[in-house]
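Visitor: Take a look at the letters that make up each chain.
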Amino acid sequence: MGLNSFVKLFTPKDRVFYSIFEEVADNLNVMSQVFRDALYEKEDEKKDNMLITLEALERKNDEATRRLFLELGKNFITPFDREDIHYLAGSLDDVADYIWLSAKSIVNYDINEVNDTMRAFSDVILSATGALRVALLGLRNMKDLKAITDACGKVNYFENEADKILDKALRHLFLTEKNPIELIKLKELYQDMETVTNKCEDSANVIESIIIKYS
Amino acid sequence: MGLNSFVKLFTPKDRVFYSIFEEVADNLNVMSQVFRDALYEKEDEKKDNMLITLEALERKNDEATRRLFLELGKNFITPFDREDIHYLAGSLDDVADYIWLSAKSIVNYDINEVNDTMRAFSDVILSATGALRVALLGLRNMKDLKAITDACGKVNYFENEADKILDKALRHLFLTEKNPIELIKLKELYQDMETVTNKCEDSANVIESIIIKYS
Amino acid sequence: MGLNSFVKLFTPKDRVFYSIFEEVADNLNVMSQVFRDALYEKEDEKKDNMLITLEALERKNDEATRRLFLELGKNFITPFDREDIHYLAGSLDDVADYIWLSAKSIVNYDINEVNDTMRAFSDVILSATGALRVALLGLRNMKDLKAITDACGKVNYFENEADKILDKALRHLFLTEKNPIELIKLKELYQDMETVTNKCEDSANVIESIIIKYS
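Protein chains in written order, with this note's numbering: chain A, 1 to 215; chain B, 1 to 215; chain C, 1 to 215.
Looking at chain A on its own, in the form it has when it is part of the complex (with noise of 0.2 Å):
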């Protein structure tokens, strides 16, 4: 017997939803800190290791909630509210992609500057799914309801900060770019960075929900 096999068979069933969202917290953090990183990076070399790690992570992130929807299938009780399981796995899974939609895009529209806005961009992104993986790992004692609300507060905050740096950054963007390729460059990348946080503040409020039941 393996020791894969061995955990499963002393895990009460409705613990394996813990983990899957502990392994998705995770996930989500390191994806950020790979891009974050990779926008302040110097050498093009790196930025392709960047693409490379973060497709491995978003596989691994689809397959995860791919196990999260058959345990939901497998198992009649759950931890939570299945309808509540189901909102969160999905807006985690939009989390990750448009992380990678947002790393894709630079390579895809072939934008070889990256600019104080990225990286700003880059730095709430990373804040944001720190404070989704505090809440996230909040979820499996229970004991420490305050902690996760405040994490989940935390969320909603850099969420609001990222539409601030939009805003700022279209404003500037229909004001001084003349070149209408190069505005539709960083208009759709800027957008798809914001919707990043969104995704963040959509699980963050499952979150929210799921635990105003507890309390």
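It cannot be assumed that every hint is accurate.
Identical chains share a label here; the pair holds if one copy fits it or two copies do between them.
SDA-like, lysine to any residue: derived pairs with alpha carbons at most 20 Å apart [said to hold, decoys possible]:
1. Lys154 <-> Thr195
2. Lys104 <-> Val34
3. Lys104 <-> His172
4. Lys60 <-> Asn156
5. Lys178 <-> Asn75
6. Lys46 <-> Leu57
7. Lys104 <-> Arg119
8. Lys60 <-> Asp44
9. Lys143 <-> Phe80
10. Lys164 <-> Asn49
11. Lys187 <-> Asp123
12. Lys178 <-> Ile111
13. Lys185 <-> Asp62
14. Lys42 <-> Ile181
15. Lys74 <-> Ile20
16. Lys60 <-> Glu71
17. Lys168 <-> Asp48
18. Lys213 <-> Thr78
19. Lys47 <-> Arg171
20. Lys146 <-> Glu23
21. Lys104 <-> Leu51
22. Lys178 <-> Arg82
23. Lys187 <-> Tyr98
24. Lys187 <-> Arg119
25. Lys146 <-> Leu70
26. Lys47 <-> Asp150
27. Lys143 <-> His86
28. Lys187 <-> Glu177
29. Lys42 <-> Asp163
30. Lys178 <-> Glu188
To be clear, the hints were calculated from the coordinates, so they are not data collected in a lab.
Model the placement of chains B and C on the given structure of chain A, informed by the hints.
Guide: Using the frame of chain A, we list chains B and C on its own:
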């Protein structure tokens, strides 16, 4: 004891859902009115005021959606299916988000000249949120189901009208606008404005599936 | 008594859900076929007919989705979880919407020349809706779960293919297209066509979570 706590004491718990939905219904309708009036305004100063007012209303709406989710967590018994309340709250929140996004885009994209297409969209958005309000206000009594169904039908009709305005406007834009940056601005704004009515239709569809359970 | 009422009398109530899903499955597959054929057509007249046919099919689909939601409201007992029916109906409706949107964009954006990328997308959309149809038709009997799982796997495969077509097409576009308005048109159309396969994948994911409950 404050008036608020007093009212709460004597309100059956599930009535709180109707109150919040009615508050949101009014709020969306006022947002549409403020937005439409600003597009018919000649003076720039009034447009600036419009943005400030809309931002406050959008926040009020966010806060109402938040309260809906909190109540959903606290109340075991809800006036209609939990998942319907969840969907409805989410899609109504999207209506507010897209009105606010459309208003911001006019500023962010530095659009100086309001045209007939934008005004036509703002009219149809006002009509759609007006019909949506009638449907939402009917939920409390459920005594005139036909009036609710008719109001939902009107929301669908206005969404269809917005769709036609968009098709016609895009066709015209791609045939006549030779300045690519102008084309991008208008295309994005038109699509955002049309999305407001899509979100109204999503909300009306949930309302229809709620009332069918009572007929 | 008309044949329709006769059949209805002798059909267990929850069977109606299978019938509507099968109708939608066929409809989406025909839409994809009509769309693909038009993109391989040389004569403009036939393309105009395509739009008329697609509009009628899209309306038929809207009407089927509406019936699904009405049945969901009327029937207390459903063949699978209510929330799964809800999600599935919604995502299948999105498939139809994005096929119709892609077809309309060709007209709205005044795209005169159909290229190999568009044809490749139309092929992969046809394959994806074909596999989706197999999965949907398998739901009634649930006797060959492996066949359903395989079909869902194929939908995911085709979505992946569409993703690769999009990445390659965008990279090529941003490297070679110097006319910004042409670039906007093609970028938007490609993204809409790729979204059709995303919505097919969403539908396949719900089907997988349904059948896992039966295995």
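Visitor: Checking against the hints above, which ones are violated?
Guide: Hints 5, 8, 13, 14, 20, 22, 26, 27, 29 contradicted; others consistent.
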